[in-house]
Amino acid sequence: MSSGRVLIIGGGPAGIEAARGLADLGVPVTIVESRDRLGGMPIAAHYATLTPSLEDAEQAMARMLAPLLGNPAVELRLGAAVSGFAGAAGDFELSVARNGSQESVRAGAIIVATGFQHFDPGRETQMYGYYEFDDVITLPESEKMLKEHSFVRPSDGRLPERVAFIQCVGSRDRQIGNEFCSKVCCGVASKQAIEIRQQLPEAKVFIFYIDMRMYGYWENRIYWPAQEQYKVNYIRGIVAEVLKKGDRLVIRGEDTTLGRPMEIAVDVVVLSVGMEPSQGTREMARLLGLRQNKYGYIETEGVPLATVLTSVEGVFAAGACTGPADLEDSVSMGGAAALKAAALVRKKALAAGATG
Amino acid sequence: MPVEKGKLLSVEPERIREHQRLVLDGSDISGHWNRMFEQRVIWEYTPEQLSKITALEGGESLGWCYQCGKCVGVCPVDVVGDYGPRKIFRKVQAGMDLFSADDLWLCTTCMNCLRVCPKEVNMVEIMPAVREQAVLAGSMPAELQDAFEKTARYGNPLGEPARKRAEWTAEAGVEVPIVAKLGRPVDVLWWVECYPAYHWRGKEAARALARTLAALGVDFGIVGVEEKCVADSQRLAGEKGLFESLAEENIKTLGKYQFRQLMVTDPHAYNAFRNEYPKYGANYQVVHYTQLLAPLVSRLEWKEALHYRVTFHDPCYLGRHNGEYQAPREIINAIPGLELVEMFRCRQNGYCCGGGGGGMWLDGFNARHLGERLSERRVREAVEVGADVLAVCCPFEVSRFEDAVKSTGNEGKLLVRDIIELVDQARLGAAR
Chain H
2 MSSGRVLIIG GGPAGIEAAR GLADLGVPVT IVESRDRLGG MPIAAHYATL
52 TPSLEDAEQA MARMLAPLLG NPAVELRLGA AVSGFAGAAG DFELSVARNG
102 SQESVRAGAI IVATGFQHFD PGRETQMYGY YEFDDVITLP ESEKMLKEHS
152 FVRPSDGRLP ERVAFIQCVG SRDRQIGNEF CSKVCCGVAS KQAIEIRQQL
202 PEAKVFIFYI DMRMYGYWEN RIYWPAQEQY KVNYIRGIVA EVLKKGDRLV
252 IRGEDTTLGR PMEIAVDVVV LSVGMEPSQG TREMARLLGL RQNKYGYIET
302 EGVPLATVLT SVEGVFAAGA CTGPADLEDS VSMGGAAALK AAALVRKKAL
352 AAGATG
Chain A
49 MPVEKGKLLS VEPERIREHQ RLVLDGSDIS GHWNRMFEQR VIWEYTPEQL
99 SKITALEGGE SLGWCYQCGK CVGVCPVDVV GDYGPRKIFR KVQAGMDLFS
149 ADDLWLCTTC MNCLRVCPKE VNMVEIMPAV REQAVLAGSM PAELQDAFEK
199 TARYGNPLGE PARKRAEWTA EAGVEVPIVA KLGRPVDVLW WVECYPAYHW
249 RGKEAARALA RTLAALGVDF GIVGVEEKCV ADSQRLAGEK GLFESLAEEN
299 IKTLGKYQFR QLMVTDPHAY NAFRNEYPKY GANYQVVHYT QLLAPLVSRL
349 EWKEALHYRV TFHDPCYLGR HNGEYQAPRE IINAIPGLEL VEMFRCRQNG
399 YCCGGGGGGM WLDGFNARHL GERLSERRVR EAVEVGADVL AVCCPFEVSR
449 FEDAVKSTGN EGKLLVRDII ELVDQARLGA AR
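Which chain is which? The protein sequence lines are H and A, in order.
For the first sequence, the positions run 2 to 357 when the numbering used here is used.
For the second sequence, the positions run 49 to 480 when the numbering used here is used.
To be clear, the hints were calculated from the coordinates, so they are not data collected in a lab.
There may be inaccurate statements among the hints.
Now the in silico label distances, taken between C-beta atoms and shown as ranges [claimed, not checked]:
#, chain 1, residue 1, chain 2, residue 2, range
1, A, Lys327, H, Glu56, 39 to 49 angstroms
2, A, Glu62, H, Met128, 41 to 51 angstroms
3, H, Glu229, A, Gly460, 14 to 24 angstroms
A few chain A positions that, by computed beta-carbon distances, are all more than 12 angstroms from chain H [said to hold, decoys possible]:
#, residue
4, Tyr93
5, Glu223
6, Gly329
Restricting the straight-line Cα-Cα distance to at most 30 angstroms, the calculated cross-link-like pairs of lysine-lysine (DSS-like) are [said to hold, decoys possible]:
#, chain 1, residue 1, chain 2, residue 2
7, H, Lys232, A, Lys100
8, H, Lys232, A, Lys167
9, A, Lys304, A, Lys212
10, H, Lys184, A, Lys167
11, A, Lys139, H, Lys245
12, H, Lys246, A, Lys288
13, A, Lys167, A, Lys304
14, A, Lys118, H, Lys184
15, A, Lys167, A, Lys139
16, A, Lys118, H, Lys232
17, A, Lys300, A, Lys229
18, A, Lys229, A, Lys118
19, H, Lys232, A, Lys288
20, A, Lys139, H, Lys232
21, A, Lys229, A, Lys198
C-beta atoms are modelled at their ideal positions from N, C-alpha and C, and glycine is treated no differently.
Work out the full structure, taking the sequences as your base and the hints as a guide.
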């Protein structure tokens with residue numbers, strides 16, 4: 002027996018795109034999402050806008066989701082988790098746990114799109130004082146304030162005069178174990194810097210970086226406007242520590258292009274935290290027996306010319322569960338995974354028809 | 049700190065003078081005197097300093113620098129000192145007030161940085177814009193101010209009387225017609241400019257050019273005493289007002305005469321007539337003398353082969369600024385006997401003589417900031433390729449390089465010649 006259904010684990014941008022593609026092809030889909038809402042990190046982490054378009058995140062995700070809602074080919078399981086797994090490509094049997102009850106779902110193929118989580122700055126080896134100082138925040142916390150149009154000093158609610166972003170927090174670091182570049186933080190920090198300058202034209206914004214990694218069009222769509230139009234100050238050299246002096250934070254580091262030590266007062270420090278595999282990614286990799294790399298991400302097989310194959314036949318992976326990925330990567334991978342999954346269930350169905 | 053026979057002596061406390069606040073070269077070194085010997089901490093970034101510059105027309109692009117450093121690699125000033133657009137951007141970001149900083153006057157506007165800049169940070173516009181404000185505030189090196197004043201008073205930066213502007217023609221050996229006296233249109237109106245009209249080495253080149261034009265049968269005339277400095281270098285050094293008032297006068301003068309082509313001896317004048325005067329409504333068919341002569345040079349008869357190994361220095365304002373690299377070389381290659389060897393920096397990445405953008409009048413100032421003159425570095429490069437002659441075609445360069453030949457101890461090893469002087473020498477031979 003084979004199943005023509007595809008089970009998608011994770012309802013973020015990658016999973017949504019996979020579901021859209023499969024539904025368009027007439028392939029029945031079940032989406033299992035652990036949160037009680039679709040939309041993934043842009044919704045769950047209260048993104049103000051998407052990078053690099055600066056489009057309102059709620060609106061953009063709502064538009065993306067629209068074709069799925071009320072679609073007879075799509076079954077949604079929100080607040081649910083895959084808890085059991087058996088079978089083989091073409092005929093998997095999965096247990097889906099939800100509200101304390103178990104449901105069995107049969108699927109010919111599985112797409113894992115369980116995403117990432119933001120790095121916890123408490124693990125940073127530098128003295129950034131995230132858990133000591135209220136005014137040291139992370140990219141998603143800054144994003145949330147920008148969404149609410151109230152970017153303030155968390156300690157006293159006052160408008161900041163000076164905001165400093167510190168790049169590469171939790172990324173590119175052997176000691177922490179995240180040797181990879183998280184790929185999006187340079188762009189997201191620059192995008193937020195633009196938004197801070199839009200919302201608070203009097204504020205001065207600094208970005209301290211090792212090297213700006215603005216690949217492709219992010220260079221001209223975000224980095225250049227941030228510097229040229231929005232007067233964001235880019236300073237090469239990573240802040241090494243954040244200290245509290247009076248009611249202000251003082252950041253210390255080296256200004257490497259001047260070759261001089263630097264110590265300046267700021268009101269808010271935004272830590273540009275990178276990506277790590279989400280809890281769901283780790284759990285699903287374990288449950289489905291998918292090979293993981295040393296960082297815990299699901300290993301895709303056959304890179305660079307294959308992007309969504311895993312070590313288990315019939316199980317595909319898309320988006321940031323495979324490693325740092327921006328929205329464009331994630332959505333493209335979702336589409337590619339849908340194609341692979343649709344082809345697989347069709348092939349198995351044809352084979353079953355021929356033998357049966 | 050006093051040092052005697054290699055021994056470091058202690059300094060008596062009463063001899064130490066402490067300033068409450070001391071800023072040197074844009075860096076705040078306030079504090080206990082001992083601190084000067086430590087690394088200086090940046091206490092503040094001041095986007096305000098940058099905003100002051102980017103708010104100026106022409107100053108916008110300084111804010112675009114992303115610190116790639118390509119400019120510093122090709123900056124001729126950095127070769128002999130510590131300078132470069134990338135560094136200027138950072139110093140300003142860290143608090144330097146460029147309007148009052150010495151760094152403001154070191155740029156020669158040679159344009160090599162802009163040639164390589166991926167962000168199109170344009171020092172050729174930024175520096176004049178900031179300098180203009182400094183000049184308006186009366187803050188500029190004295191020797192530069194002197195050149196401005198002479199230009200304003202006499203119509204030339206050398207401070208020579210206007211009525212002597214055509215005196216060089218007397219010893220040319222050929223008739224050099226003044227267009228006003230001809231009373232008819234000329235094919236080529238020759239704009240001589242100040243150094244060829246007044247400087248003794250410039251005059252020699254001007255006479256050689258007059259003889260060559262006559263030999264070719266070119267129908268030409270000069271403007272003579274009515275001609276005033278085009279002042280493009282004064283503009284780039286910050287005296288835009290002076291440039292504009294002289295442009296107004298010169299346009300009026302040129303409007304009186306009919307001519308097909310406007311030929312200039314000076315690449316700086318070439319640049320102004322070609323790129324600046326059109327902004328004031330004046331459009332001329334302007335050529336540098338090398339461009340006029342290159343297609344005609346085969347018609348010349350030669351009396352003497354010049355057995356020199358010659359190297360050519362591209363003027364910034366003929367080459368990089370206006371794209372002409374070939375015409376001077378065609379003339380050199382047409383002169384019998386010459387062997388042209390290129391210096392390792394030539395054409396697009398040619399080195400700068402240091403005279404542009406006001407550098408011509410800042411030698412004393414620059415000497416306090418640079419390890420050696422740019423012209424001295426260039427002379428060493430010419431010697432390095434084994435040249436006997438350093439050929440030039442910009443009136444600033446003959447005197448600059450001849451001084452540099454002396455100061456670098458290369459007298460007798462390297463001759464500095466305007467290309468037209470080489471033409472003249474080969475054409476006339478011993479008869480000259």
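Here is how each hint holds up against the structure:
1. The hinted window of 39 to 49 angstroms between Lys327 (chain A) and Glu56 (chain H) holds, with their beta carbons roughly 42 angstroms apart.
2. Our hint of 41 to 51 angstroms for Glu62 (chain A) and Met128 (chain H) holds, since their Cβ atoms are close to 43 angstroms apart.
3. The hinted range of 14 to 24 angstroms is not satisfied by Glu229 (chain H) and Gly460 (chain A), whose Cβ atoms lie roughly 53 angstroms apart.
4. Its closest Cβ contact with chain H, about 6 angstroms, brings Tyr93 (chain A) to no more than 12 angstroms, contrary to its assignment away from the interface.
5. Every C-beta of chain H lies more than 12 angstroms from that of Glu223 (chain A), the closest at about 57 angstroms, which supports listing it as non-interface.
6. Against the 12 angstroms criterion, Gly329 (chain A) stays outside the reach of chain H, whose nearest CB is about 32 angstroms from its own CB.
7. This hinted pair checks out: Lys232 (chain H) and Lys100 (chain A) have alpha carbons roughly 12 angstroms apart, not beyond 30 angstroms.
8. With a C-alpha separation of about 15 angstroms, the suggested pairing of Lys232 (chain H) with Lys167 (chain A) holds against the 30 angstroms cut-off.
9. A hinted pair counts as satisfied when its Cα atoms are at most 30 angstroms apart, and Lys304 (chain A) with Lys212 (chain A) qualifies at roughly 21 angstroms.
10. Only pairs whose Cα atoms come within 30 angstroms are accepted, and Lys184 (chain H) paired with Lys167 (chain A) is accepted, the gap being roughly 23 angstroms.
11. Between Lys139 (chain A) and Lys245 (chain H), the direct Cα distance comes to roughly 27 angstroms. Compliance with the 30 angstroms bound is thereby established for this hinted pair.
12. Between Lys246 (chain H) and Lys288 (chain A) the alpha-carbon distance is near 48 angstroms, which puts this suggested pair outside the 30 angstroms criterion.
13. The suggested pairing of Lys167 (chain A) with Lys304 (chain A) is violated, with an alpha-carbon distance near 43 angstroms, which exceeds 30 angstroms.
14. Our distance criterion of 30 angstroms between C-alpha atoms is met by Lys118 (chain A) and Lys184 (chain H), whose separation comes to about 25 angstroms.
15. With a CA separation close to 18 angstroms, the supplied pair Lys167 (chain A) and Lys139 (chain A) stays within the 30 angstroms bound.
16. Restraint check for Lys118 (chain A) and Lys232 (chain H): the C-alpha separation of about 22 angstroms stays at or below 30 angstroms, so the hint holds.
17. For the given pair, Lys300 (chain A) sits about 17 angstroms from Lys229 (chain A) by alpha-carbon distance, which is consistent with the 30 angstroms threshold.
18. About 53 angstroms separates the Cα atoms of Lys229 (chain A) and Lys118 (chain A), which puts this hinted pair outside 30 angstroms; it is violated.
19. The straight-line distance between the Cα atoms of Lys232 (chain H) and Lys288 (chain A) is roughly 28 angstroms, inside the 30 angstroms bound, and the hint therefore holds.
20. As the CA atoms of Lys139 (chain A) and Lys232 (chain H) are separated by approximately 16 angstroms, the hinted pair is consistent with the 30 angstroms bound.
21. Annotation: proposed proximity of Lys229 (chain A) to Lys198 (chain A) holds, straight-line Cα distance about 28 angstroms (limit 30 angstroms).
Hint check: violations occur at hints 3, 4, 12, 13 and 18; the rest are consistent with the structure.
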